[in-house]
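> So the sequences go chain by chain: A and B.
Under the working numbering, think of the first position of the first sequence as 1, with each following residue one higher.
Under the working numbering, think of the first position of the second sequence as 1, with each following residue one higher.
A hint or two may mislead.
On the chain A side, residues computed to face chain B include the following (Cβ under 7 Å) [said to hold, decoys possible]: (1) S28; (2) Y73; (3) E88; (4) A95; (5) K100; (6) A101; (7) G102; (8) E107; (9) N108; (10) E131; (11) K135; (12) G139.
For lysine-lysine, the following DSS-like pairs were computed, each having C-alpha atoms within a straight-line distance of at most 27 Å [what the hints assert, rightly or not]: (13) B:K449 x A:K84; (14) A:K64 x B:K449; (15) B:K371 x A:K121; (16) B:K193 x B:K267; (17) B:K32 x A:K64; (18) A:K65 x B:K371; (19) A:K126 x A:K84.
Because the hints were derived from the structure by calculation, they are not lab data.
Computed from a predicted model, the values in this text were never measured in an experiment.
Glycine included, C-beta positions come from ideal geometry on N, C-alpha and C.
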Amino acid sequence: MNIHTAPISKTLPGVIAVVLTMVLSGCSFSDSSKSSSQSSASISKSISSPSRWSSESSSPDKEKKYLDEVADYTAAYVHSSNEKMNYESFQRGIAEIAAKAGIANWENNPLTYKGIGKGLKKAGVKGVEYETYQKNLSGGDYGKMNDIQKGYESRH
Amino acid sequence: MSRAFPSPRALKRGLAAVALLAAASLAAEPSKSLGYLYVDASEGNSSGGHVALQFDGAVYHFQHVEPGLIQLFRENAGDFEYRYRYLENRNLEVSRITVSEDTFRSLRDHFEQRYQIQKRQFELFQALGHEIRLFRSLAEDGRDSEPAELPIPGAALFFEPQEPPFSANGNPPTARSPVLSALRQRVQARYGKDFIAGKIRAIDHKLRHLAPLRLNPGDFDPPTPDSVPSPDYTYYHRYRDLLTLRFALQALEETRRLRTGVYHAPKAGAFRLDDRQKAVLCRFQKTLSDGIVELLDSRRPDPGYALMVQMARLIVAARSCESGFLVFLDLFVDDAQAFSLAKLPQPPGFWRQLAKRQQAALQQNLTNLPKRALTETGYSVLETAANRYLELMSGITEKRPVRLFGLASLPDRTLNLSHPPPSDLSPATLLGASRRTREIRERYLDSLKRFYRYHLLSRNCVTEIFHTLEQGLARTLPPSAGPKAIREASVERLGGYVDPAMPNFIPFVSSRAVRRHYRVLSTRRLLSYRRERLESGEWKGLPARLREGNTVTATLYQFNGADSLFLFFTDDVILPRPLYGAANLLVAVLQSAAGLSLLPFDHGQTLQRGALGMVSSAVELAFFNIRKGSYRYLPPGEPGLIP
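Let the hints inform the model, and build the full structure from the sequences given.
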């Protein structure tokens, strides 16, 4: 049975050393929090680090990742919005995700709406509630509604 | 250690049976692994070590943020490894926990959801701070001692930073862009001759009269950690979005040219386009132009930045189409750090080899341009490859510093507007709004502190991983499930339960607890950059060890201003550690003494480094090691965090 009680006697010197050093700085400190203005300065600051100089994603990989990120974001947004969804704030969030994929005009991209549909499914939205989201998020555009439906019906 | 779980033997036997059943069922269904990552202690940031959880290519970890809060972050696994294992030169330990696909998906979705929600909650807090400054700046109408610094992303593609804003009513530039002239004509044909100018006037009117939102402090009280206040599209966002759109429309109305330096038009052979590639980019112009016309009539709140990027891309795509050479926007962020390659410790020929690889990547992207319509993502991948190669190649040939960090997927070119356009609202109204936003922000911060106040022992990067895991497991249970059921679920799904309380809140202790009690398939130690190099053949043998063991003769390390001064590395030796520690302590004492005399000149930075060095050296006297030595830049090596 694996319910854990650490043998503190064996770890005591290490614990003392680490607690001492944790007191100095504790957990990893986020660089982004050092300058709060930077993070909102530009929606495009999704920076690739040198770790990707040797392995940049291909276009299909980036598109798949974009669709999945939109789906995750939509599911989380619906989950956290209680009764009313702030569409302006939702769309700003989509713009930020799109910027990471190099997409400026996300409204023109079917993947956005497929991702939204997938996210609605993930959030367990059904029936009339789903239809309301579908209509509002597509602005009543038939093609976009169709893309949301495709995403909603997709398996993965 | 405190552990509230009542664990009589009978319960343990019961749980053991559950675990056996779970193991049996796990064997029958497809399984995945999630990684528990332990990052060794080091000097400075997270000196006590750090932990994270890896789901495929994404790493989730909690970090301490201002003001005294803790927030969940998500990073690409490669970036996480690069930061900690390479730049910070720390060992990583990866314990792979076997779980069912269902458990994996459920926990990943929970971490992702928590990440998304917290990101919005914390961004709202920052936006309220900007809003306070904006109201004050509007009230003082350009007379304020501390300007608002309103960032307008993308505006510096077309506008000079020192240029007086809103010159649509003043002196537009005489040089025009023929591409934007044609676009403007198209827009006028579609929406009417006065469409753009009319929109500008409407925005100017809105900006002058934009009234603060009628909000109560209570509107911002998130009742649970899972909710985000609905008025999170704040006055600040609204104002900035309108202003950004105003800049975009002005650029189009005045058919402005792109500023010098925001794009590249190299004539080297690597950028030459063949007929097919040229045709693809010529067709892409049409896609961009159609998109811009639609975007001008968009319902989205923030079309301004997208318009400026698309107009800039349209101009460079047209230049590519005309010239037969790839012309592209500069994608490095405005504050990208540049490095002198000669000062970075790399073997001879390293940079040219890297440049060759970037050239090959560019060629591959050009060759793979699709026959059918080029998408924005496809174009962005090409833009990125072109930026990388040009930056490195021109840096090598011109012997200038190279931007090795800070390549974005879209251009940054933020114009920081020090004074927003004047408002018709009275200063009293605006200052009142500033005060009310301050009250809202303070109350909102109290709410955030209820959920996310950082505490060294009870709410840190370790405890929050386990708490979030428990919440994720709870999602798989009925809402009435209590702590006992969650612990049983942990045993069933992860192989055991780890209590995040004392002493498991300490990173390295938690890693051991995970290895002992979760269903860990394997544990892998990924050596820090320096140690990995020392283990490779090139640096084996006593002479090399002696040379690399100290900071004076080492070739694998150059003193980095972020570290305290030290003489000997102690992370790869044990017996001589106290002796080396004594020498390091002496160096740190000397640095501290120098810091005292430099106090009036460097604001105590040297003294602070010296004090940090003294602590790092003192633990070496007791056979412990914290300091590893860090790097400003390193080339990425073989990725170890392969899912």
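> Of all the hints given earlier, name the ones this structure violates by number, lowest first.
10, 11, 14, 15, 16
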